[in-house]
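Peer 1: Protein chains in written order, with the numbering used here: chain A, 457 to 681; chain B, 29 to 264.
If you're looking for bench data, these hints aren't it; they were derived computationally from the structure.
Being a predicted model, the structure only gives us computed values, none of them experimental.
Heads up, some of the hints might be wrong.
[Stated by the list, open to error] Derived lysine-lysine pairs resembling DSS-like cross-links, with alpha carbons at most 27 Å apart:
no. : chain 1 : residue 1 : chain 2 : residue 2
1   : B       : Lys261    : B       : Lys201
2   : A       : Lys518    : B       : Lys187
3   : A       : Lys565    : A       : Lys540
4   : A       : Lys575    : B       : Lys187
5   : B       : Lys201    : B       : Lys187
6   : A       : Lys575    : A       : Lys565
[To be verified] FRET-style restraints, in silico, Cβ to Cβ:
no. : chain 1 : residue 1 : chain 2 : residue 2 : range
7   : A       : Pro480    : B       : Thr264    : 18 to 28 Å
8   : A       : Gly608    : B       : Ser241    : 50 to 60 Å
9   : B       : Lys201    : A       : Glu484    : 22 to 32 Å
10  : B       : Phe128    : A       : Ser590    : 25 to 35 Å
11  : A       : Lys565    : B       : Ser124    : 35 to 45 Å
12  : B       : Lys201    : A       : Gly577    : 33 to 43 Å
13  : A       : Gln593    : B       : Pro126    : 30 to 40 Å
14  : A       : Asp478    : B       : Glu235    : 17 to 27 Å
15  : A       : Glu475    : B       : Glu235    : 20 to 30 Å
Glycine included, every Cβ here is placed at the ideal spot set by N, Cα and C.
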Amino acid sequence: MTRVHDMGGRFGDGPVVPEGEDAPVFAEDWHARALAVTLACGALGQWNIDTSRHARERLSPKDYTRFSYYEKWISALADLLVEKGVLTREDLQGQGAAGLHALAERALKAENVAGALAKGGPADREGGPAPRFSPGQAVRVRIPADNALVEGGHTRLPQYAAGAQGYILRLHGTHVLPDSSAHGLGEAPEPLYAVRFFARALWAHPEHPDDEVVLDLWQSYLEPL
Amino acid sequence: MAHKLPRTSRNVIRGISKGDWTAGGAAAQHGAMPHDHPDHPHALLPPDPALRVKALETILTEKGLIDPAALEEIIDTYQNRIGPQNGARVVARAWSDPEFRAALLADADPVLADLGYYGRQGEHMVVVENTPQQHNMVVCTLCSCYPWPLLGIPPGWYKSDAYRARAVREPRKVLAEFGVTLPPETAVRVWDSTAEVRYLVLPMRPEGTGGMSEEELAALVTRDSMIGTGLAKVPT
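Input sequences plus hints: build the corresponding full structure.
Peer 2: Below, the structure is given as structure tokens:
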């Protein structure tokens, strides 16, 4: 069973409303603050990108749906800070202990921001299993699209692709497996492929017979045909 | 961007009436039922999103876990320094220099790193080329993955439910909402960014731009043309 964030192909969302190219980067001041606080907390090193994505996905479906984008970020961040023991529930209520935190020495300093953003967090790794598929090969996506390791766990396999037949387009290299990494089960790197699917293999009413969708999928998401 | 912090998080919290604070207040504010899971820690923060950010920022600052000057630096970076102008320079160069274009399409990472366009949310770049036979368009159906070093922070519509839900199933209808109609001989390939690989669309060079400099060309390259929901501008 999927979670509310897995919305590819869903009906009923209405039109996309484009913004002008010169619209402000942050529509509200607090959007910018939410982004900055989230990035700065990430630098404390208490979780990885997969854990933080999963924290947003685990918001209740009602919250996920009614919260605006940065509301999801800040709410998931608060949940994660408590879950990882960085803050207490009392802290969030303004009733926590005063004074510096034990992790304060790890706080991102202004002079290190440029370096940290420039360094990024590459997801490719040495080792891991050998590639099982080669470009052009037909594959089938496993079904169901659930995390195979953790019930209700994080996965980057969208439900709309489950069970579909596609073709290996390219091998990206060996990348950290989010299904494992999000849950503290290790990086478990695997070959990662771009896989192309005809729209007609995904949708009952494709717009055009030649249209395609490409997804990046880990080796364990795929089966040979 | 001056941002005065209250002295303590208690002040922030005292500054908000109890009625705003409880689940009942949240329900009144959002016109919805209270949280299904009142044990979620985020429900302990003020329901108003701006106050929620402010409260969390204050608590974290008091504990020395975040540095307000670092926040300003992060905001300044994405508000003023990193944006679609970076991607536009890459596209203009690819239009002007066949060798650069070939190298960019073959293996973008070293080419972009040479230009200084590397970093968070752009660690693994793939550039995909539009042709008369194929139009490329990028989405992230699961969240909002986007090539930050080249395009900055994604626009609101890219993060919207409507775009995330529909781009993979009916890209041509979505394109029409952006004013783009493709001929039937052009196939659409939608890239759903499901991993840490980030995609940049290399739009087609417009007609009538033969003698233009890279700088002039870059001015024709829109953000949307590099996501694939637009085309490069035609010079007037």
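Peer 1: Now tell me, hint by hint, if it's right for this structure.
Peer 2: Each hint, compared with the structure:
{"no.": "1", "hint": "B:Lys261 x B:Lys201", "verdict": "21 Å, holds"}
{"no.": "2", "hint": "A:Lys518 x B:Lys187", "verdict": "18 Å, holds"}
{"no.": "3", "hint": "A:Lys565 x A:Lys540", "verdict": "22 Å, holds"}
{"no.": "4", "hint": "A:Lys575 x B:Lys187", "verdict": "25 Å, holds"}
{"no.": "5", "hint": "B:Lys201 x B:Lys187", "verdict": "18 Å, holds"}
{"no.": "6", "hint": "A:Lys575 x A:Lys565", "verdict": "15 Å, holds"}
{"no.": "7", "hint": "A:Pro480 x B:Thr264: 18 to 28 Å", "verdict": "26 Å, holds"}
{"no.": "8", "hint": "A:Gly608 x B:Ser241: 50 to 60 Å", "verdict": "55 Å, holds"}
{"no.": "9", "hint": "B:Lys201 x A:Glu484: 22 to 32 Å", "verdict": "30 Å, holds"}
{"no.": "10", "hint": "B:Phe128 x A:Ser590: 25 to 35 Å", "verdict": "29 Å, holds"}
{"no.": "11", "hint": "A:Lys565 x B:Ser124: 35 to 45 Å", "verdict": "40 Å, holds"}
{"no.": "12", "hint": "B:Lys201 x A:Gly577: 33 to 43 Å", "verdict": "35 Å, holds"}
{"no.": "13", "hint": "A:Gln593 x B:Pro126: 30 to 40 Å", "verdict": "31 Å, holds"}
{"no.": "14", "hint": "A:Asp478 x B:Glu235: 17 to 27 Å", "verdict": "25 Å, holds"}
{"no.": "15", "hint": "A:Glu475 x B:Glu235: 20 to 30 Å", "verdict": "27 Å, holds"}
The structure shown violates none of the earlier numbered hints.
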